[in-house]
Amino acid sequence: MNQISSVQPAPAPVRILAERPEKMAARGVNIHYGDKHAIKDLSITIPDRAVSSFIGPSGCGKSTFLRALNRMNDTIPSCRMTGDITLDGRNINGRDVDPVQLRSHVGMVFQKPNPFPKSIFENVAYGPRIHGLTASTTDLEERVVESLKKAGLFEEVKDRLHQPGTGLSGGQQQRLCIARAIAVNPEVILMDEPCSALDPIATAKIEELIDELRQNYCIVIVTHSMQQAARVSQLTAFFHLGTLVEFGDTDKIFTAPRDPRTQDYITGRFG
Amino acid sequence: MTTATRTGFAASTRSTAGRRRFEGVVRIILLACSGVAVATTLGILASVLFESVVFFREVSPLAFLFGTQWSPTGSPPAFGLVPLLAGTLLITLIALATATPLGLFSAIYLSEYASPRLRRVLKPVLEMLAGVPTVVLGFFAALTVAPFIRQAGTAIGLDVASESALAAGLVMGMMIVPLISSLSDDIINAVPQSLRDGSLAMGATPSETVKRVVLPAALPGIASAIILAISRAIGETMIVVMAAGLAANLTFNPLAAVSTITVQIATLLVGDQEFDSAKTLAAFALGLVLFFFTLALNIAALRLVRKYRQHYD
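Line by line, the protein sequences are chains A and D. Residues 20 to 290 (my numbering) are what the first sequence spells out, left to right. Residues 245 to 557 (my numbering) are what the second sequence spells out, left to right.
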């Protein structure tokens with residue numbers, strides 16, 4: 020691991036955003052999809068070793084902004100972005116930054132589990148292989164096992180590591196995708212509605228896992244479920260029509276929102 | 245509204261007999277249409293089989309299958325399949341060696357790298373190549389490609405026949421490029437975008453994504469596209485008639501003239517012929533061999549796709 024998890028203890032429930040160390044930040048970000056102005060002048064500071072959740076009605080731009088954090092929007096030809104996004108203070112859209120390199124530091128887990136049509140082992144070994152992270156086969160095996168353990172999947176699949184990853188259940192597939200993301204030692208993990216295709220039991224397992232992972236990673240999760248945001252995240256951002264309406268401690272957002280639009284959304288008046 | 249005049253379900257008396265009769269007629273017409281195609285195939289197969297049996301009464305099947313000499317007009321005539329099979333195989337191999345990389349790489353370019361606008365222009369142009377009549381490709385091979393290869397060969401001191409397997413194979417390769425590229429492009433496009441996103445989000449480059457995720461997922465489909473192309477190449481006639489020659493040489497030299505099964509069928513039956521001599525009947529035996537090969541290849545392609553089809557729900 021490149022984070023020193025032993026030095027910093029599990030984060031205590033700090034109430035104030037400013038007390039958390041900054042990991043990623045956006046300043047004046049605008050994103051256009053063709054003619055659509057999807058993100059409007061957005062600024063935010065995302066802290067390290069915490070879960071930040073993005074909530075808001077469909078089409079509010081939360082997924083678009085998430086995809087800007089590891090430049091996955093680069094793959095969409097009609098998508099243009101202005102403004103600055105930084106990771107540890109370095110502009111991720113800078114000329115000297117290779118999006119391929121960036122994505123090995125900012126991993127992503129998608130809405131629908133998308134394991135590759137390969138074995139469970141090969142799915143997790145994919146990242147370390149392409150980045151040449153392991154020196155030997157034994158190294159690689161260790162890393163695969165370690166990643167599967169961190170994703171809470173190892174015990175369930177240890178006897179069938181060489182069977183296809185697509186044969187697992189939906190929840191297991193999603194944990195496989197998390198293991199796959201962890202295996203390249205990212206600093207940030209982005210999750211785009213990771214539980215929307217899962218049943219409640221599988222969802223509970225993923226949420227537990229997210230809670231464990233926040234000790235070592237900066238996690239950003241987009242979710243449609245306000246209950247989920249309340250359960251897993253320390254910070255919550257409310258998006259509406261492409262603007263960031265409010266961002267703060269999850270407790271405060273849900274109990275005493277400052278903006279009437281947030282109030283309306285969390286009480287179910289629209290969305 | 246109709247609710248005022250409409251009677252309830254229990255009291256409805258409308259007869260369905262007329263509608264049923266109409267549905268029945270439609271069904272029979274549709275069935276008859278598909279029946280014609282199946283019946284024609286079976287009829288051709290039966291006729292080829294029947295005439296082949298007559299042929300094999302005059303020429304022993306062993307001499308046909310394993311004979312290394314083909315000269316149906318010689319005295320005595322020889323009906324050995326091996327030189328024709330070798331010629332067919334040689335030309336097909338040359339065609340595949342040309343078409344597989346060209347077709348596959350252009351499919352990868354079209355589906356993974358080309359902008360949607362470029363793709364909309366390029367794909368139809370590429371498919372236009374499939375619309376060139378094979379007789380045009382044939383004289384292109386005979387009058388342009390073959391002399392060019394001959395001159396190029398002479399320039400470096402090689403002895404090239406004026407009609408060579410290489411010329412025929414290269415042009416046949418160009419003929420099957422659109423078949424391979426178009427089918428492969430469809431197959432590669434069917435690989436879900438989520439797999440590409442997954443790979444790119446791991447920090448894989450586009451070419452790593454193609455090589456390690458997209459192509460392995462599409463491989464069974466690509467293999468079956470290539471098998472279909474082989475079957476098309478084996479059955480192709482016009483190009484080889486014009487460019488490969490008639491001399492049934494048993495050779496694997498791509499610079500020599502060879503002959504194929506289809507060429508011999510064409511030459512055996514061109515012009516006025518009596519249909520009871522071994523010479524003309526041989527065409528049916530060759531036809532049977534061809535039929536067997538293409539059928540086997542098509543079945544293989546079908547099975548390959550069924551067996552290895554990835555299920556992405």
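Derived by calculation from the structure, the hints in this document are not laboratory data. Quick reminder that beta carbons are idealized off the backbone N, C-alpha and C, glycines included. Don't take every hint at face value.
What the hints assert, rightly or not - Going by beta-carbon spacing under 10 Å, a handful of chain D positions derived as facing chain A: (1) Glu267; (2) Ile273; (3) Pro436.
Stated by the list, open to error - Rough simulated footprint, nothing fancy, chain D against chain A, three-plus residues with beta-carbon under 8 Å: (4) 70-77; (5) 89-95; (6) 129-143; (7) 146-157; (8) 258-266.
Numbered hints the structure breaks, given as an ascending list: 1, 2, 4, 8
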